[in-house]
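Protein chains in written order, with the UniProt record's numbering: chain A, 1 to 207; chain B, 1 to 207; chain C, 1 to 207.
No wet-lab data here; the hints were simulated from the structure.
Treat the numbers as computed from the prediction; the structure is a model and nothing was measured.
Where is the CB? At the ideal position from N, CA and C, for every residue including glycine.
Among these hints, one or two may not hold up.
[Stated by the list, open to error] Sample of chain B residues with no beta-carbon within 12 Å of chain C, all distances over it, derived:
(1) Ile4
(2) Thr55
(3) Arg140
(4) Gly169
(5) Leu188
[Said to hold, decoys possible] Here are some, though not all, of the chain B residues that point toward chain A, as calculated from beta-carbon distances under 8 Å:
(6) Leu21
(7) Thr46
(8) Leu111
(9) Gly114
(10) Met118
(11) Cys139
[Stated by the list, open to error] Below, a sample of chain A positions facing chain C; criterion: calculated Cβ distance under 8 Å:
(12) Arg25
(13) Leu60
(14) Lys173
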Amino acid sequence: MSWIYFFDLCGTAVFALTGALAAGRHRMDPFGVTVLAAVTAVGGGTMRDAIIGATPVFWLRDPNYMIVILATVLFTLIFIRRPRKVPQYTLPIADALGLALFTVIGAQKALSLGLNGMSAVIMGLITGVGGGIIRDVLCRQIPMVLRTEIYATASILGGIAYTVSLKLGMDSKTAMWLSMLSALVLRLAAIRWHLSLPAFDLKTKRE
Amino acid sequence: MSWIYFFDLCGTAVFALTGALAAGRHRMDPFGVTVLAAVTAVGGGTMRDAIIGATPVFWLRDPNYMIVILATVLFTLIFIRRPRKVPQYTLPIADALGLALFTVIGAQKALSLGLNGMSAVIMGLITGVGGGIIRDVLCRQIPMVLRTEIYATASILGGIAYTVSLKLGMDSKTAMWLSMLSALVLRLAAIRWHLSLPAFDLKTKRE
Amino acid sequence: MSWIYFFDLCGTAVFALTGALAAGRHRMDPFGVTVLAAVTAVGGGTMRDAIIGATPVFWLRDPNYMIVILATVLFTLIFIRRPRKVPQYTLPIADALGLALFTVIGAQKALSLGLNGMSAVIMGLITGVGGGIIRDVLCRQIPMVLRTEIYATASILGGIAYTVSLKLGMDSKTAMWLSMLSALVLRLAAIRWHLSLPAFDLKTKRE
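With the sequences and hints as input, model every part of the structure.
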């Protein structure tokens with residue numbers, strides 16, 4: 001299953017990057033940056049494994065994840081020093097890529113453990129959005145996933161696409177590419193054109 | 001144990017409702033609403049199961065929980081559209097009901113796994129307040145459970161009442177009703193008359 | 001292993017104290033204080049055990065932890081009533097002590113379960129900073145560990161010192177004292193002289 005593993009490490013790197021960039025906006029020291037990058041990168045998968053009961057969780061059994069995170073943090077600290085050097089959409093696009101990758105990885109892991117389709121979609125969602133939620137909570141922001149245009153929606157679409165493709169008999173690699181692309185395209189389109197579903201609005205002075 | 005199961009699904013629905021209403025006050029899209037409703041409804045029980053080691057957690061083994069949450073979200077999105085239609089105390093009262101139900105469910109589950117009385121009270125507390133804490137943290141508020149009049153107190157009372165009633169030889173169903181009512185009445189009384197225990201106050205400029 | 005156990009209960013008490021003092025700055029009622037103290041004291045170790053898969057988690061198998069927390073809360077509520085009575089550095093120093101103790105406990109537990117050195121350092125970090133992170137998130141602050149001078153750094157130093165000392169053949173008790181002291185001294189020095197590593201700063205108007 002080397003494809004899945006390669007995607008997993010790529011997703012780890014891009015989410016670690018989003019965590020490190022967020023840390024840089026809060027003036028953290030190098031070890032604080034590392035902690036936030038690691039939490040963002042493996043937070044979702046850690047929640048997934050703890051919920052499924054796949055313990056010790058994945059990054060305790062395979063040191064490559066931590067090595068990828070450390071390398072990403074070093075890269076970020078060395079090469080991304082001046083604010084102007086980071087193009088405006090770097091963080092949202094890296095985040096979208098991580099979202100698409102991790103969603104499919106999470107759904108794949110759930111199915112491989114014999115869980116049903118609905119659970120697989122939810123596990124994809126947790127893997128995809130969990131790390132970003134922890135990152136945003138630690139930086140004291142309402143999580144991007146809850147507030148932003150078509151974010152959870154893109155992850156759920158990717159999870160459903162993957163599960164249904166496999167049910168329809170598609171081979172694993174094609175299903176993976178297709179579902180990742182569908183989540184990624186939807187999320188990037190939402191970023192580019194500020195697409196959003198109609199909001200549920202109860203804003204009042206109540207409570 | 002159909003009584004317990006029925007109460008559990010009712011608690012899931014009311015906590016999902018409080019999550020959806022909180023989402024509506026932050027203008028989230030339908031999938032964001034669903035995520036916040038689900039996290040509020042199963043967050044406490046998920047923490048409980050991960051801490052006890054009862055994995056895969058309960059809602060992965062029984063799809064009815066997610067179905068109840070989806071139905072509650074649909075109901076909320078369709079029928080509760082205009083702010084004025086939600087009476088002032090809807091959220092606190094639904095929350096109090098969920099608190100009482102989940103406290104007893106959590107304590108019951110801990111006892112059924114052979115944990116001692118103190119652990120059962122704590123597990124009741126985690127099940128009862130965990131989801132609401134996550135909901136409030138995600139909406140960037142100091143959790144209601146920590147800040148509000150007699151909230152954790154009501155859950156702890158319910159857990160102690162349940163554990164002691166069983167120890168005294170009461171039958172399971174009566175103990176359940178009695179302890180749920182005691183937690184619910186205490187919490188509702190606290191809401192109605194703004195009851196509170198004397199606060200521990202160290203408010204200073206320190207740090 | 002009575003030394004480790006004794007240190008663990010001491011760390012539990014000092015972290016419970018930091019939680020109770022934080023609760024006092026947000027005017028919580030006695031049960032809210034207890035919840036925040038407990039979450040701060042056992043939050044890191046609970047995360048560690050859930051991630052490793054050592055469930056039911058430690059405080060469910062040994063009631064002494066909860067007894068220490070309740071005693072600490074009672075002590076705090078009774079003896080620390082007026083703000084002026086708490087010297088300025090009480091909270092940071094207690095926090096530094098808990099950090100050093102829990103870091104070594106966590107690394108020790110990971111090694112005793114056969115995990116490798118890097119995982120032991122990370123488990124020490126999670127045990128040491130996890131509870132404080134939850135405490136700060138619940139009080140709606142960016143966690144001290146991420147924002148403060150040389151905090152995660154001190155924990156990582158302690159974990160590395162412990163792991164390397166054991167690898168070099170030092171006996172368990174000496175390694176424990178040495179590594180705890182190294183983390184504690186570094187953290188206290190950082191508090192006293194406001195030491196910090198150069199921050200990673202990307203503060204811009206982006207996003």
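Each hint, compared with the structure:
1. Ile4: Per Cβ check, Ile4 (chain B) is outside 12 Å of chain C; nearest 21 Å; holds.
2. Thr55: violated (8 Å)
3. Arg140: Non-interface label fails for Arg140 (chain B): nearest chain C Cβ at 7 Å, not farther than 12 Å.
4. Gly169: Answer for Gly169 (chain B): holds, closest chain C Cβ roughly 23 Å.
5. Leu188: holds (17 Å)
6. Leu21: Cβ of Leu21 (chain B) sits 6 Å from chain A, so the hint holds.
7. Thr46: holds (6 Å)
8. Leu111: violated (21 Å)
9. Gly114: violated (19 Å)
10. Met118: violated (24 Å)
11. Cys139: Holds, because the Cβ-Cβ distance from Cys139 (chain B) to chain A comes to roughly 7 Å (cut-off 8 Å).
12. Arg25: Since chain C brings a Cβ to about 5 Å from Arg25 (chain A), closer than 8 Å, the hint holds.
13. Leu60: Holds, about 5 Å.
14. Lys173: This hint is violated: Lys173 (chain A) lies away from chain C, its Cβ roughly 31 Å from the closest one there, beyond 8 Å.
In this structure, the earlier hints numbered 2, 3, 8, 9, 10, 14 are contradicted, and the remaining ones agree with it.
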